[in-house]
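Engineer: Top line first, the protein sequences correspond to chains Y and A. If you read the first sequence in our numbering, its first letter stands for residue 1, the second for the next number, and so on. If you read the second sequence in our numbering, its first letter stands for residue 1001, the second for the next number, and so on.
Be careful, since some hints might not be right.
Calculated cross-link-like contacts (lysine-lysine; reagent style BS3-like; alpha-carbon spacing at most 30 Å) [said to hold, decoys possible]:
(1) Y:K37 / A:K1057
(2) A:K1314 / A:K1057
(3) Y:K37 / A:K1031
(4) Y:K205 / A:K1031
(5) Y:K205 / A:K1314
(6) A:K1057 / A:K1196
(7) Y:K205 / Y:K5
Quick caveat, the hints were computed from the structure, so don't treat them as lab data.
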Amino acid sequence: MSTTKDQTVLDQEEAELARQWTGRIRRLLVDALPPDKLLPDRQPSYLSSWIYIFGALTIGGLALVILTGTVLALEGPQWWHVSSIGLFVNSMHLWSVEFFFFFMVIHLWGKFFMAAWRGNRQLTWMTGVVTFFFSIGAGFTGYVSQTNFDSQWIATQAKDGINATGAGAFVNALNFGQMLMWHIVLLPAAVVALTGLHILMVRHKGIVTPIEVNGTEVPHQGTQSESDPS
Amino acid sequence: MSETTILQRRFNPDRDARPWQGGSRPYDLIKEVTICFLVVTVLVVGLAFLFGSPDDKAISIQTWATANQIDFAQTSISELNGTSGTATYGPPYNNFVGSSQSLGPISLESWIGVHIPVNPAQDFVLGPLSTVANAPNVTRALDVFNAATPSQQLAWETNYATAVSHASSVNGHLVVPRGAYGPIGVMIGQLTAMAKSGALDSAMVDQSGFYGTNYTKSLLYIADSTYFAAQGTAHHLSGDQWGMMNETGNFPGQAWLWLYTFWYQVPPFSTSANADIQVSALMGLLSLLLLLVPFIPGLRSIPRWTRVYRFIWKDYYRSQG
Ligand code: HEM
Chain Y
1 MSTTKDQTVL DQEEAELARQ WTGRIRRLLV DALPPDKLLP DRQPSYLSSW
51 IYIFGALTIG GLALVILTGT VLALEGPQWW HVSSIGLFVN SMHLWSVEFF
101 FFFMVIHLWG KFFMAAWRGN RQLTWMTGVV TFFFSIGAGF TGYVSQTNFD
151 SQWIATQAKD GINATGAGAF VNALNFGQML MWHIVLLPAA VVALTGLHIL
201 MVRHKGIVTP IEVNGTEVPH QGTQSESDPS
Chain A
1001 MSETTILQRR FNPDRDARPW QGGSRPYDLI KEVTICFLVV TVLVVGLAFL
1051 FGSPDDKAIS IQTWATANQI DFAQTSISEL NGTSGTATYG PPYNNFVGSS
1101 QSLGPISLES WIGVHIPVNP AQDFVLGPLS TVANAPNVTR ALDVFNAATP
1151 SQQLAWETNY ATAVSHASSV NGHLVVPRGA YGPIGVMIGQ LTAMAKSGAL
1201 DSAMVDQSGF YGTNYTKSLL YIADSTYFAA QGTAHHLSGD QWGMMNETGN
1251 FPGQAWLWLY TFWYQVPPFS TSANADIQVS ALMGLLSLLL LLVPFIPGLR
1301 SIPRWTRVYR FIWKDYYRSQ G
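Build out the structure end to end from the sequences listed, making use of the hints.
Structural biologist: Put into structure tokens, the structure is as follows:
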């Protein structure tokens, strides 16, 4: 049997909800990314250039890298030396990595020449750059985890560069077990997480407007500058 | 910052962008990403089918010693007498002084010190030989060697190094000219036999127990050989051939390392004893610049100066007249 709560209890609950961690985080997330920002069905009319496709192509490349890598992981290292299906999946993994990087680098230079960090998008740019660096690490550890001549050669060549910085004490390219762990756990987790963050930031800010120079003013209202919290 | 400072702050076209108040049109992001994924899949399946991927067999100590036992014996004596690349590497493998790289007074390598201890004489030669059973001549040779004074050991080693530089292969056997090298002839002879049989490969990995996943010592040993370097050069993979970013065959390799590899090809780095740390420092600096482009005046104006954006947004600027 339910009785209506009296007003003081209701007020207390109201106050508690306002302070609640869970509630605060939900409100923060919904404010930052309401559904029509997270998955908009319209885009500003200046978004019409082939360069915009490269971010999406990079996502496609990354998805295929993860997918083929997962198949390789399920079968375990060395499968691709002894099975023709294994070698084919390995080849797909290699080529998807090549495409992933190719698309990412075009995306990077595209965003550079669009000065896409404008209007408080510095963090979007920076997560992109950090993702690029982590991807290089992921690629490198993959090359040395192949358990073939290339991995022996690359590992023994690269060790001098890594050792010279002092990092070699902790990142040992000659230690297969360690490299495999970096390659299939730590670095992919970082790349995927960073990519997710990157894309959420893009959605939060919306696609950057064209560069404004004298005579080509964008239809606008107010200024969004570095110090603007929005 | 307070609202007034925002208003006072001058609009900077390299830093600021105003919220869009113009028109929009329907755009299907999910469909775009899905199509992109399918396009990449088709491209990747095609290239994997056409070109495959390189998979040259790994080189074991057995492959190496079988292909060139003289090189194996020569490399092994350099491990024993402490003149090999690994023995003279210094940190992080051992305390050899003088080969660590530095930037001016800064040598991170030697500050961090030995972290992955490798003692080639013990780990590559004496250790594996001590596992040999039922070979009284080998046990005796080791006993004699271990009982000798360091200067006696060194004399034998030096004499053997000279003799083995004139070694030959006769009917598959290693033949080293006679010399005053005491027990070393038996020792390196036995080690070569172990290497050719494959026993040395497992003896090296067995140092870490049943489950081996760490090939640091075997790889360092193999990389000290002339054989391994020659394999790399034959595949066009040596350092001055842009080797670090490439792989065997005509595959694109780690093309994204081009800038890093580039520095090794040009002076002053191509002739520097500290090239690795210098190139790493330079790349670190350039990476930092790339990361911080949005904040660096001048650098962040390049897009506006080069006017590539006019081409990217040409529809938009055309509509602006
Ligand atoms: C895993 C790698 C990456 C993925 C999957 C990715 C994906 C995307 C996507 C889908 C977009 C929105 C669509 C577009 O403008 O293309 C975007 C925007 C952006 N990306 Fe990336 N990106 C990656 C790496 C990078 C890198 C390396 C940089 C630059 C150093 C970068 C900088 C940016 C910037 C500044 C934007 C905002 C563009 C705007 O507001 O118009 N991204 N990214």
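Engineer: Report the numbers of all earlier hints that the structure fails to satisfy, in ascending order.
Structural biologist: 1, 2, 7
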